[in-house]
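Peer 1: For the record, the sequence lines run as chains A and B.
Here the first sequence stands for residues 1 to 296, where the numbers follow my numbering.
Here the second sequence stands for residues 1001 to 1351, where the numbers follow my numbering.
Rather than coming from a laboratory, the hints here were simulated on the basis of the structure.
A virtual CB, placed ideally from N, CA and C, is assigned to each residue, including glycine.
You may find that some hints are simply not true.
Stated by the list, open to error - Computed cross-link-like contacts, DSBU-like style, restricted to lysine-lysine with a CA-CA straight-line distance of at most 35 Å:
#, chain 1, residue 1, chain 2, residue 2
1, B, K1200, A, K70
2, B, K1166, A, K248
3, B, K1243, A, K70
4, B, K1082, A, K248
What the hints assert, rightly or not - Okay, the calculated beta carbon distance ranges per label pair:
#, chain 1, residue 1, chain 2, residue 2, range
5, A, V63, B, N1248, 55 to 61 Å
6, A, R110, B, D1048, 51 to 57 Å
7, B, A1155, A, F153, 37 to 43 Å
8, B, P1090, A, R47, 17 to 23 Å
9, A, I155, B, Q1241, 36 to 42 Å
10, B, G1060, A, M27, 50 to 56 Å
11, A, A130, B, D1048, 57 to 63 Å
12, A, F153, B, A1085, 51 to 57 Å
13, B, A1085, A, T148, 44 to 50 Å
14, A, I60, B, A1332, 18 to 24 Å
15, A, G154, B, A1332, 53 to 59 Å
16, B, G1060, A, F72, 53 to 59 Å
17, B, S1348, A, T31, 46 to 52 Å
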Amino acid sequence: MAVATTITASGTDEGRNVTRLSASALMGPATAIVALGLLIPILILFRYSLNQYSARGLMIDAVTAENYVKFFVDPYYRTVLYTTVRVAFICTVACLVLGFPLAYVLARTRSRFKNLMIMLIVLPMFVNNAVRAAGWMTLFGSKGMINTGLMSFGIITQPIEMMYTETAVIIGLVAINLPVMVLTLQSVIEGIDHSLEEAALSLGAGPWIMFRRVLWPMALPGILAGTILTFILAVNAYATPVLLGGPKFMMMAPLVYEQFQLNNWPFGAAVAFVLMATTLILTAITNFWMQRRYRR
Amino acid sequence: MEKTFLSFNPSRRQVLQGVAAAGIAAGLPFAARADSKGRIVVGTSGGDYQHLVDQFIVDGVLKPAGWDVVDAVANDLDRRNKMIAEARLPRGTTDVQGLSALAWFQMGQAGVLAEIDYSRLKNAANLLPSMKYPYGVGSGYTAAVGLYNPKLIEAPKSYKEILDPKHGDKLGLIDIQYQYVMTAASLAMGGTVHDVEPGKALLLELRKAGVRIYPTNEAFAQGLKTEECSLGIMWKARAVQWKDAGINVAGAVPSEGALKFVLGWSVPKNAPNADGAYAFLDAMLEKPAQEGFATKLGYPPTVTNAEIAPELNERMGFSKEQLAALVDLDYAYLSENDIALRDWWNKSFKG
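Excised from the complex, chain A in its bound form:
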């Protein structure tokens, strides 16, 4: 018996080792592709960010932090970073506020049109960002649908300047990111037992208390995933800020593009790294803070 037990145990260990080996073999190619396709270009870009720009040679090999210093010393670039984070934050909050009720309804509905409703939410994602921005342009223009409508009803006499404003960018980004938030939240809310909400309500909790004490904490993984995804998409947005924000409005991704357009690869690479670091740090802080705040 003892021998048999030993053999079984030994066999189990071997089996685990074989399973681990198979798992490693399966993960290997994908990991190698990610490592080669993502990490190596990032490392090259980081190396470029330490080089110097010269109008004659374009990029001179060096090891200097001057591109990063230039970014943080110049108020213009700091303002661009601040604007980017502010717009992404507003966009994320707006998506959460607008998306949660929608996701809740979708998760709880028993309607036979549920799949159709989900398709309607996903539908805007079938259209390219630039095309969607072009659609907004026809609405926001001085002779666009909104201004023409308001003027024909006599509500305004002069067109409202909507194009090339921060508000236009926020509206455009919310429209793009809302489906991401809704779909993420919906899948998590569907996993929450509805009887828990009913129990809270039947025990005397009002809808707000039930939401705050039961639904919100239980939906937190989805909220966290949705906000992080939305924030990352908004902070790195390119087409919407360029097309709806216009020349006077600048966010980080268009700034990176502009530097490469000027052939200033070292500074462009440094701006790209500041953007990447900002995204990672803010995401990590949010993750850490929310998990700590709502840990039970």
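Fit chain B to the given chain A structure using the hints.
Peer 2: Chain B in isolation, oriented as in the chain A frame:
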């Protein structure tokens, strides 16, 4: 048993035959014809311009002469960055690149482009001397003129009249044309193309007066169409195209001399097929190709032997005197100061 895709069980011979066929198919696009002179890889931005290149240069001259031509289509920035990235390699991936004169200067100075050897071009004798640049051959040109809506405003006679603060928010300028706008402002203030400083005060006055800044040429066209703005600075060739598209615009050549915008072709230093590149440059300078581009794009030809009908000449809108008075940019100055100019434009003018 019915044979389905999933139940298909090929023999070893079938697998080997399949692999061989796939290998041949994959290699076909790269294989030059046995009677071919070789392959020329041409970098362009695509679109209508690409079609004209195919029509007048590739199909019109190069293919009948036995060359295989492959298009490498990407926007200007992507192509420039790719060339810079490839510059350290012994062999690049393109033979000729369609760029503007300012890009030639910047890329040539950085050692990315080869200096043009005009003795290798049989059509160089016909090329206008002003279109012979060290790192590129001019294939067409236009100029930055005053573009205005004749229903709303009288024809401006000069850059000074265009860049007048009295126009307020009816004046539209284009963000991506900052080098031209800053140089035009300098000329308006009596300065030169060699220093844009004199124009900065005027631009700040325009900013106070509410000048509109459009991100692209197309956005400016939209502004003119909706009468949001009534004048600005734009390429004369665009005036012709927009008028054809139904926008009520006219172009006025400024008395200071209109700033020239030159498009053309350059050869990367590490072009794999330099002979092919020169064959392309020569084909581009052929009389029918030049006449075709002038007709379709509204760009005056860059060779002396091209014949332009009087009505086409009128459509292009430059008299002989105006053509002679066109002003070329100081590419060395702009290249050296480009980052500083853009900084000023972003922070002081737009900011």
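Peer 1: Enumerate the violated hints, using their earlier numbering and listing them in ascending order.
Peer 2: 3 and 11
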